[in-house]
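J.: Chain by chain, the residues run as shown.
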Amino acid sequence: MAKQHVNTTINGDPVEFLCEPDQTVLDVLRDVLGLTGSKEGCGTGDCGACSVIVDGRLSCGCLMLGAEAEGREITTVEGIAEGDKLHPVQQRILEEGALQCAFCTPGFVVAAKALIDQNPDPTETEARYWLAGNLCRCTGYDKIIRAVMNAAADVRGEAA
Amino acid sequence: MEYQSPGTVEEAVSLLAGASGTSKVLAGGTDLLVQLRSGFVEPDLVVDLKRIDALTSITEDAGGFRIGAAVSCAELGEHAALSAAWPGIVEAARLIGSEQIQSRSSLGGNLCNASPAADTVPALIAARAVCSVVGPGGQRDIPVEDIVTAPGETSLQPGEIVVSLNLPARPSRSADAYLRFIPRTEMDIAVVGSGVSLTLSEDGTVSDAHVGLGAVAPTALLVSEAGQALVGTSCDDAALDAAAAAASAACDPIDDKRGTVEYRVRVAGVLTKRAAAIAYQRAGSR
Numbered sequence: 001m002a003k004q005h006v007n008t009t010i011n012g013d014p015v016e017f018l019c020e021p022d023q024t025v026l027d028v029l030r031d032v033l034g035l036t037g038s039k040e041g042c043g044t045g046d047c048g049a050c051s052v053i054v055d056g057r058l059s060c061g062c063l064m065l066g067a068e069a070e071g072r073e074i075t076t077v078e079g080i081a082e083g084d085k086l087h088p089v090q091q092r093i094l095e096e097g098a099l100q101c102a103f104c105t106p107g108f109v110v111a112a113k114a115l116i117d118q119n120p121d122p123t124e125t126e127a128r129y130w131l132a133g134n135l136c137r138c139t140g141y142d143k144i145i146r147a148v149m150n151a152a153a154d155v156r157g158e159a160a
Numbered sequence: 001m002e003y004q005s006p007g008t009v010e011e012a013v014s015l016l017a018g019a020s021g022t023s024k025v026l027a028g029g030t031d032l033l034v035q036l037r038s039g040f041v042e043p044d045l046v047v048d049l050k051r052i053d054a055l056t057s058i059t060e061d062a063g064g065f066r067i068g069a070a071v072s073c074a075e076l077g078e079h080a081a082l083s084a085a086w087p088g089i090v091e092a093a094r095l096i097g098s099e100q101i102q103s104r105s106s107l108g109g110n111l112c113n114a115s116p117a118a119d120t121v122p123a124l125i126a127a128r129a130v131c132s133v134v135g136p137g138g139q140r141d142i143p144v145e146d147i148v149t150a151p152g153e154t155s156l157q158p159g160e161i162v163v164s165l166n167l168p169a170r171p172s173r174s175a176d177a178y179l180r181f182i183p184r185t186e187m188d189i190a191v192v193g194s195g196v197s198l199t200l201s202e203d204g205t206v207s208d209a210h211v212g213l214g215a216v217a218p219t220a221l222l223v224s225e226a227g228q229a230l231v232g233t234s235c236d237d238a239a240l241d242a243a244a245a246a247a248s249a250a251c252d253p254i255d256d257k258r259g260t261v262e263y264r265v266r267v268a269g270v271l272t273k274r275a276a277a278i279a280y281q282r283a284g285s286r
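Chain order of the listed sequences is H and Y. Here the first sequence stands for residues 1 to 160, numbered as in our numbering. Here the second sequence stands for residues 1 to 286, numbered as in our numbering.
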């Protein structure tokens, strides 16, 4: 089986990799590139633990072949903070204690960042619908939603 | 497995027609990758259609629309003219999965995956959408309801792909609506889906109406009797009840964990009634 040679951009950096034709973007991130922040929960697009942003759109890394990444721009959870400065979503998740086991957290961080990028002033209902594709089996979501709403206020420059 | 991402329809067709083993086309991949992962399909060749302009663009054509079969549901929702003309199709597309799924899932994929519960298919049937299909024998137009022949089966011949879903020009005072019932608010598969598209004459009565139903038979259904029940009426209670009865009568559902036969038959009528009332209200406000 010939490997696929793929040129892409990940977290702003040009990246070149070889993958099997049936490897997913998630497989490539974790197993080829060592970017293990994205998690595999279900592998079927239900849980959102593998959420990445592809050409500005929130996507499941498990539902996209590595070969499809050719020429695309991918943002993973590793690319959300700016150096040591956490993104407001990350900071607020910490402050709210919006996690227990944290397996879902990278997916929530990426999904919430994508939401705030396109709508910095979401209603709670909008935030809950937007995050319907991210499952958390520990917290019950209220703290996560609180963190996202506060992070959006931070991004707007308002006191939450 | 070999992966190819051709840049033209002709190239895609020739790859598929020349393939010796099992081949699969890849649009958004939200169904195909799950099937690959589970071993449900083991193709020798996967042809990615997302590098082909005709598959990934929406064009307005003589008052209608040609929607590339691989255009994402998110893009459909962002297309102002399409959303205004065909709110029912767009609301059906926007019900599929999560935001993550919306970024990838497509009308062509939703159709050709051939699930009886596909959300966009009843809406496309009600809209009288026509598929532009290209294969080794050339191009042909197929009404959307003739693509799926059984769960997981289509009428597409080897090497054929759905290039676009074409929506006709609409008379003024036309609108559509789609409703789906699921036990939760998001992220589930339709128990029943109903799409209604209609046009009003100047006096406010329905001059043309079509109803599509999903998840109540092995394939999505065009229910002509339900559409006919609305024609010539003002979608009054009697007309809505007649359309509901016709919709229920057309159902041939299965019993499963999502709903019993009796429940699905009943809900198909209720959703058709409600979708017709919404489409009527939308058409009247134009």
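These are calculated hints, taken from the structure and not from any lab test. Please read these numbers as outputs of a predicted model, since none were measured by experiment. One thing to keep in mind: the hints can contain errors.
[What the hints assert, rightly or not] Covered, in the sense of this in silico footprint (three residues per stretch, anywhere, with C-beta under 8 Å from a C-beta of chain H), are these stretches of chain Y:
no., stretch
1, 5-15
2, 43-53
[Stated by the list, open to error] Label pairs and their computed distance ranges (CB to CB):
no., chain 1, residue 1, chain 2, residue 2, range
3, Y, Glu-11, H, Thr-125, 42 to 48 Å
4, H, Asp-121, Y, Ser-57, 50 to 56 Å
5, H, Glu-73, Y, Glu-202, 49 to 55 Å
6, H, His-5, Y, Asp-61, 50 to 56 Å
7, H, Gly-83, Y, Asp-61, 37 to 43 Å
8, H, Glu-70, Y, Asp-237, 38 to 44 Å
9, Y, Gly-39, H, Asp-142, 25 to 31 Å
10, H, Leu-18, Y, Thr-22, 41 to 47 Å
Where is the CB? At the ideal position from N, CA and C, for every residue including glycine.
J.: Next step is simple, just say for each hint if it's right about the structure.
T.: Cross-check of the supplied hints:
1. Under a criterion of three residues with beta carbons nearer than 8 Å to beta carbons of chain H, the stated coverage of the stretch 5-15 of chain Y fails, only 1 such residues being counted.
2. Counting residues of the stretch 43-53 of chain Y whose CB falls under 8 Å from any CB of chain H gives 3; the rule of at least 3 is met.
3. Checking the proposed 42 to 48 Å range against Glu-11/Y and Thr-125/H shows it holds: the Cβ atoms sit about 45 Å from each other.
4. Range check, Asp-121/H to Ser-57/Y: about 31 Å between beta-carbon atoms, so the 50 to 56 Å window is missed.
5. The beta-carbon spacing between Glu-73/H and Glu-202/Y, approximately 51 Å, falls within the hinted interval of 49 to 55 Å.
6. Under the hint 50 to 56 Å, the C-beta atoms of His-5/H and Asp-61/Y, about 38 Å apart, miss the expected range.
7. Distance hint for Gly-83/H and Asp-61/Y: a CB-CB separation of about 49 Å, inconsistent with the stated range 37 to 43 Å.
8. A beta carbon spacing of about 56 Å between Glu-70/H and Asp-237/Y contradicts the range 38 to 44 Å that was offered as a hint.
9. A hinted range of 25 to 31 Å for the beta carbons of Gly-39/Y and Asp-142/H is inconsistent with their spacing of about 39 Å.
10. Under the hint 41 to 47 Å, the C-beta atoms of Leu-18/H and Thr-22/Y, about 25 Å apart, miss the expected range.
This entry does not satisfy hints 1, 4, 6, 7, 8, 9 and 10, going by the numbered hints stated previously.
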